[in-house]
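Given the coordinates of chain A, work out where chain B should sit on it, guided by the hints.
2 protein chains.
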Amino acid sequence: MKNYGRLTLPTDLDVIDETIALKESLGADAIRDCDGTQMPQELLDLDAKVYATYYTTRKDNDWALAHPEEIQQEYLMTDRYTARNSTLTITLMKGFHTEQLKPNFIDDPKQWWEVIDRTTGEIVPVDQWEYDEDKGTVTIQTIPYHVYTVSFLAFLIWDPVHMYNFITNDWKDAPHQLTYDVRQPQTQAYVKEKLKKFCEANPHVDVIRFTTFFHQFTLTFDDQKREKYVEWFGYSASVSPYILRKFEKWAGYKFRPEFIVDQGYHNSLFRVPSKEFKDFIEFQQQEVCHLAKELVDIVHSYGKEAMMFLGDHWIGTEPYGPYFETIGLDAVVGSVGDGVTMRMISDIKGVKYTEGRLLPYFFPDVFCKGGDPIGEAHTNWLKARRAILRSPLDRIGYGGYLKLALQWPGFIDTIRHVIDEFRSIHDTIQGTKAYVSPFKVAILNCWGQSRRWMNNQVHHAIWYREIYSYVGIIECLSGMPIDVDFINFEDVKNGILDQYKVIINAGAQYTSWSGAENWIDEDVVTKVRQWVDQGGGFIGVGDPTAYQYQGQFFQLSDVLGVDKEIGFTLSHDKYNEVNPEHFLLEDIEDEIDFGEGMNGIYAHGDNYQILSQHHGYAQLVTNTYGKGRSVYLAGLPYSPQNCRLLLRTIYWAAGKESEMKKFYVSNVNTEVAAFEEVGKIAVINNTTESLSTDLYMHGQKVQTLNLKPMELRWVEM
Amino acid sequence: MKNYGRLTLPTDLDVIDETIALKESLGADAIRDCDGTQMPQELLDLDAKVYATYYTTRKDNDWALAHPEEIQQEYLMTDRYTARNSTLTITLMKGFHTEQLKPNFIDDPKQWWEVIDRTTGEIVPVDQWEYDEDKGTVTIQTIPYHVYTVSFLAFLIWDPVHMYNFITNDWKDAPHQLTYDVRQPQTQAYVKEKLKKFCEANPHVDVIRFTTFFHQFTLTFDDQKREKYVEWFGYSASVSPYILRKFEKWAGYKFRPEFIVDQGYHNSLFRVPSKEFKDFIEFQQQEVCHLAKELVDIVHSYGKEAMMFLGDHWIGTEPYGPYFETIGLDAVVGSVGDGVTMRMISDIKGVKYTEGRLLPYFFPDVFCKGGDPIGEAHTNWLKARRAILRSPLDRIGYGGYLKLALQWPGFIDTIRHVIDEFRSIHDTIQGTKAYVSPFKVAILNCWGQSRRWMNNQVHHAIWYREIYSYVGIIECLSGMPIDVDFINFEDVKNGILDQYKVIINAGAQYTSWSGAENWIDEDVVTKVRQWVDQGGGFIGVGDPTAYQYQGQFFQLSDVLGVDKEIGFTLSHDKYNEVNPEHFLLEDIEDEIDFGEGMNGIYAHGDNYQILSQHHGYAQLVTNTYGKGRSVYLAGLPYSPQNCRLLLRTIYWAAGKESEMKKFYVSNVNTEVAAFEEVGKIAVINNTTESLSTDLYMHGQKVQTLNLKPMELRWVEM
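Line by line, the protein sequences are chains A and B. Residues in the first sequence are numbered consecutively from 1, following the UniProt record's numbering. Residues in the second sequence are numbered consecutively from 1, following the UniProt record's numbering.
Here chain A stands alone, though its shape is the one from the complex (with noise of 0.2 Å):
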């Protein structure tokens, strides 16, 4: 049926009469209520699946009162504190918002709690502070003039996302939302009884829309209500005395405090994760995936469907991990803010389908004076596009207040011509997959597929100056002809390699992302230099390979043929030239964007070519390495020109620039996604500006197109 289906919208009890003509006009097969509005009981016999946002660990704070120990806890470090003489007292919420968070004397603190002397980096022996719970203060005795920390236990007495939106959306009279912890006994046992019941209670009801299950990802408060650490990966908030007791046994050695702290990052995906981290979360997969399955049987057993949403309390389930397909879900939905976090959803397995949420999301951020919610459309839509073209979600949908959206001029027409141009690719592409290059490209990094599509990310698609040089990379992937796998240090070493023609190691120095440590290790170098001497091409962008020792800062210099200069060679000369004549830069005509590029590259050894230079120093450079190749990228934001640049990067280090234009456009604004098997070619203009393009097909031009703004035209083979 044209125009219809693949489509959900947000509805509320203010818009009841609106919800249904919309539904109608934009032809919306789905329904669903969001955190802060309600679903009318006037919709739910409309020709319309029904989804129920369902929260599994707030929305209940009677039940978490009368249960203090099993909300849920984080584990939190204080501020650094300077002992001035042989005491020091820290105060241990300073800093953090006591609306938010409480700590937990319930479980012993001597037990649970680490101070560490952050001079030494050794533990403070429990028998050297004490603890004051009126005064919420930890008393050390300190050697004069080090550092210490407390790490503690604290229970999330207001939910992070509930308080995000209360301050977002400037809620007054609703109360905090307690989050309880669903992994402990009592409340695992309440949670499941309470979900028959609303499965019993709400037969119109056709899709639990889990939000989401049990832990979520770290959002911790300050004492002025200002976010103050956010890790959209990250396990501090899913963690309890009663988990990690389990996991002790599990894990065969000892819990520390500061496996989770780390520090003070909390584990961001920019640290090497350390051996014990990776544990726990292999741990909290497999326990959140075993408990996750026991909550969507149950609504299977009401013959129900079960959605998953992508956020929020999403930790433990890894949808890349091994053990997400057991849950046995029906459905995954996220948000897609580009198209890396398009495909971090498309390209999830083990579900009957996918949907995206698309942006904007209606709040009254964007829809608002100087707000630009039909911009903000047209360039989600742009970068969605080019991605769903490469691996389709099943679904698209909106969120928010609908009231917002119907109130704006336009808006509705342009998300109806997102809607209707995202049913023409599934009515066209008949379920067939767009044609990709004849080999695979690997991106190289600490995580590998656990981080799939999630590379150099901080937040869900926010944007950080020191990531978009990075991020780019994969958003530019995401709608690339190319079959694009995540692997890691250990993937190498155990031989994966073989596998791809081109490998890409793509991050800042000493981050997860580039490697730090692995890049020396014996194995993992002997192992890269050998299957690029044999043919392989090593992609490097930033600090690739970044580790220093003995003498290199990049220890795959003599692969990439560029080291960077941090200083000790100074007193050596440079004697680097440009030279802009070479295959990957036939057609771009622009000055490169390569974002913050990097300071300090030079190129050695007798087989470079450096194509382009800032301030004397390189920012790209070919290098040919026994029968492979290299080439090194400062950096490279998105863009329709640097994807175009990458395009060329990929095919000449992996030797294959003659098949390149197989499927090719001229045009470096607009790209080609082939479906051989319907016979049908995409043409997309990832512009709002009208243009021109030469269609190419197995090497030869087949036709000039004359694309209007953001078109995607239908060219037959």
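For the record, the hints were derived by calculation from the structure and aren't laboratory data. Relax, there's no trap hidden among the hints.
Note that identical chains are pooled: a pair holds if it fits in a single copy or bridges any two copies.
Below, simulated DSSO-like cross-link-like pairs (lysine-lysine); rule was C-alpha separation at most 30 Å, straight line:
#, residue 1, residue 2
1, K627, K135
2, K94, K627
3, K172, K574
4, K254, K110
5, K574, K94
6, K433, K349
7, K59, K23
8, K225, K94
9, K369, K574
10, K94, K527
For clarity, every value in this text was computed on a predicted model and none was experimentally measured.
Chain B alone, transformed into the frame defined by chain A:
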């Protein structure tokens, strides 16, 4: 005698009459020859001291060729080569110039060379490699895809400075001068005898200007006769098995080539020096100073003066080392590139006088079409003059081809003004010292006093992008009313801090200048913290106290109130806001130049004030810490305004703001030097523009001065 004396001019065979005329006109009291020029017989009877440039280590190829085993040697390290299978043959001289260096096969390579597996850092046993003298190669039994280097001894068959002058001046016929090692027994005896003969044969020579003693700083050319690496402080060309055997006996442990080649970094001053390298410097100083004294004694025995050129073969003399004074030199002469290099000469103790060779050198690379020798003379004098007011040279001079200077219109008048002003300073101050702050300041790094006025330098006064933002600190200080010491971390541990009110730690991360691992030394950090807490002032520039450890990058981030984002705390929110209202900025009107600046600096704690930000990161931050204070600066290139900013920074950090205007001028482009003993104040205009400035004494404005471009005005107290 006014307008006479304190001046040395160069001469040559082709400018005899001109030299005589110019000597009279400029009031020179000494004349000299240079490398490439000769002293005319006609000038020996003039009423002027005659300096003879004297080379102990070269200009005697007959001797060198007759004693090949006593030619000076240098430790080289080959490039890094990756093994692709189980053997690897490395050509030793690849990338070096065979006219400059020749591998030493005379001394057993198996004893004196070292093959290192750079993938593991391990030494390859000597039975796993073989050398081939005919082919100049080493063949190694390798582990495939490991990286190897060969460290080997080579003879310096072309003196580096002679080679440099030869290439720079495009000499054609001059034979390449070999360098012989005066430390070795036969050469030592020969050189002493030769010096005696020279003294006897040259009764008209008054001053033997040693250029210099025994070991050239590291200056190595590549296979295209281009400079390959240069380290003005480098000891790589001060070695021989003869010397190294003595070193082993002295040190009590076995020598390794790695002590010298240092992974290929050749102990760049930017490296944290190893114990072994520090031992080697100590040993060389003892030996070199001892032998230099013997030569100086010979000179004295003929009634002549001995002067040392601070450059070329100066290695081991270490003018700020403990043995320098024992040489018994009459004088040191050196090139004045700026205020820093001026102080490097003028602060030397243990000589009767110091002499500075001002710029420009009369060489064709400046006295040419497009050259600006007058502008260079102005810039040089503006930088030197402010430093001379703090610590005067006794004499100045010029070098090169006098003919070039005579032919350039206006140049002689320019230097006449410089010379007269130099003499007026001496005439006025009468050997007294300018007023300095009532407290002392120390610069803290790994080198301390041994590298007084040598911080962050690669090659004598040469600009590098990576250093100018740090060199600015000492360039500013060279002309400021501040009593400055240079201290190292051992000094801190030994309790030196009590002598100071302010310490400065300035440099890039992990270099000897910021201090690297010294900042995780418990003794260092507790002593510095305590000292600040009790009232000290800590100024950090660039990456002060940087070493990634236990959750911090800046180890004294508690003292500084700032840390640096290196990717691990991207998930932590920073709410930094600027407040430029501060004593530091009271008369700073132009935008502050932080040079290369620093990315990622954020403030934290309760006591900071951010005075300047860029892209959301801090560039200038003040903090309080107990009774002490700290200031963070992202960088501080030399400029008149930055001198003022540093003056204010130091007084504020010391908590002595109220004393800053004891002698003071309002205009940041002017400075003041007060000579209380003679009742005179020098007010200098550090620009080439006219300007006015208010003079303050004891906190009160006493007059407004209108100064001409570059003017030095003497004001009565």
